[in-house]
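Colleague: Chains as they are written, first to last, in this note's numbering: chain S, 40 to 239; chain G, 57 to 133.
Wrong hints could be hidden among the right ones.
[Said to hold, decoys possible] Chain G side only, calculated, beta carbon under 7 Å to chain S, not exhaustive: (1) Thr98; (2) Lys101; (3) Thr102; (4) Tyr106; (5) Ala108; (6) Leu120; (7) Leu122; (8) Ile126; (9) Met128.
[To be verified] Below 20 Å or equal to it, Euclidean Cα-Cα: the simulated SDA-like pairs (lysine to any residue) are: (10) S:Lys217 with G:Tyr69; (11) G:Lys100 with S:Ala167; (12) S:Lys135 with S:Lys72; (13) S:Lys129 with S:Gln43; (14) G:Lys100 with S:Val176; (15) S:Lys72 with G:Arg121; (16) S:Lys52 with S:Arg130; (17) S:Lys217 with G:Thr78; (18) S:Lys217 with G:Gly65; (19) G:Lys100 with S:Ser163; (20) G:Lys100 with G:Leu86; (21) S:Lys52 with S:Phe105; (22) G:Lys124 with S:Val96; (23) G:Lys124 with S:Arg68; (24) S:Lys135 with S:Gly82; (25) G:Lys100 with S:Pro158; (26) S:Lys129 with S:Leu157; (27) G:Lys100 with S:Glu143; (28) S:Lys217 with G:Val103; (29) S:Lys72 with S:Asp178; (30) G:Lys100 with S:Leu157; (31) S:Lys52 with S:Leu102.
What the hints contain is simulated information worked out from the structure, not anything from laboratory work.
Here a beta-carbon is modelled for each residue, glycine too, at the ideal position from N, C-alpha and C.
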Amino acid sequence: MKRQVITDAELVKRAQGGDNAALEELVSRYETKVYSLVYRMLGNREDAEDALQDTFVNVIRALGRFESRSSFSTWLYRIAANSALTRLRKRGRQDKSESEFLEEVYSVQQQARSQATLPDWSTSPDAALLTGEARQVLDEAIDELPEAYRVVFVLRDIENLPANEVAEVLDLSVPAVKSRLHRARLYLRNHLSRYFSEES
Amino acid sequence: MDCHEMFEGLSEYIDDELSEETCREIRRHLDTCENCQVVINTLKKTVSLYHAIPPEELPGDVRLRLHKIIRMSGEES
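Bound conformation, chain S alone:
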């Protein structure tokens, strides 16, 4: 016999009524996704575990007030993204200023005008760029993104949320999401180019 899958909305209603098994089922459904999101935002296991716990403790505290105006997953991602951002701020690291960041983002235009041919490392095999030192370069590049850009990039390009859902999670317009995503991608491209051009 086919087992009927209970929807998130139904589980939320049961959990709001005090059903702890429904609450644990909701946690089990999303714990891996939330962990992956906060890990990518924070870059280490210890902070990711703290942000994961903060997320679900905050969900439990606020669940009674959740009115299903957005889907449960969108609401949960919002709490998770905020938990990760709070942890990032606690580290006390200063992001690059907006002008310094944008200067680096658009430095590629300058290079395209002044260099005869830009190095094309796009034919390097993925396997070589996803392991060892190269993989570290990918992680370091994300760590350099200012938080407003990092959270958009992680939600859209790593967690694969559609742009309109990212906009809802972060309370931004879709054009603002696309603009931040584009700048984040260009910044990462420039960062990777500095390392991978030598390899190709």
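Following the hints, put chain G in place on chain S, whose structure we already have.
Modeller: Just chain G, lined up with the frame of chain S:
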């Protein structure tokens, strides 16, 4: 279309979100501008590399500690 206009639309171009007419203009520009072609190739590669990173697995001990906290929080609320 010049290089600057092209740069602004690159992400939407690789995400296939632009009109056919704009895509045609971009392709025309790319035919004559080798550096823009390199930027688009490496931008696409950047996005595909991050897509290819496997999701971070939730370690078993982290999961156990989370569920312990959930049970405690659930009992308190």
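Colleague: Each hint: holds or not?
Modeller: Structure-based check of each hint:
no., hint, result
1, Thr98, "5 Å, holds"
2, Lys101, "4 Å, holds"
3, Thr102, "4 Å, holds"
4, Tyr106, "5 Å, holds"
5, Ala108, "6 Å, holds"
6, Leu120, "11 Å, violated"
7, Leu122, "6 Å, holds"
8, Ile126, "5 Å, holds"
9, Met128, "9 Å, violated"
10, S:Lys217 with G:Tyr69, "12 Å, holds"
11, G:Lys100 with S:Ala167, "17 Å, holds"
12, S:Lys135 with S:Lys72, "28 Å, violated"
13, S:Lys129 with S:Gln43, "43 Å, violated"
14, G:Lys100 with S:Val176, "17 Å, holds"
15, S:Lys72 with G:Arg121, "17 Å, holds"
16, S:Lys52 with S:Arg130, "37 Å, violated"
17, S:Lys217 with G:Thr78, "17 Å, holds"
18, S:Lys217 with G:Gly65, "10 Å, holds"
19, G:Lys100 with S:Ser163, "13 Å, holds"
20, G:Lys100 with G:Leu86, "14 Å, holds"
21, S:Lys52 with S:Phe105, "10 Å, holds"
22, G:Lys124 with S:Val96, "11 Å, holds"
23, G:Lys124 with S:Arg68, "16 Å, holds"
24, S:Lys135 with S:Gly82, "18 Å, holds"
25, G:Lys100 with S:Pro158, "14 Å, holds"
26, S:Lys129 with S:Leu157, "39 Å, violated"
27, G:Lys100 with S:Glu143, "19 Å, holds"
28, S:Lys217 with G:Val103, "14 Å, holds"
29, S:Lys72 with S:Asp178, "18 Å, holds"
30, G:Lys100 with S:Leu157, "15 Å, holds"
31, S:Lys52 with S:Leu102, "9 Å, holds"
Checked against the numbered hints given earlier, the structure breaks hints 6, 9, 12, 13, 16 and 26 and satisfies all the rest.
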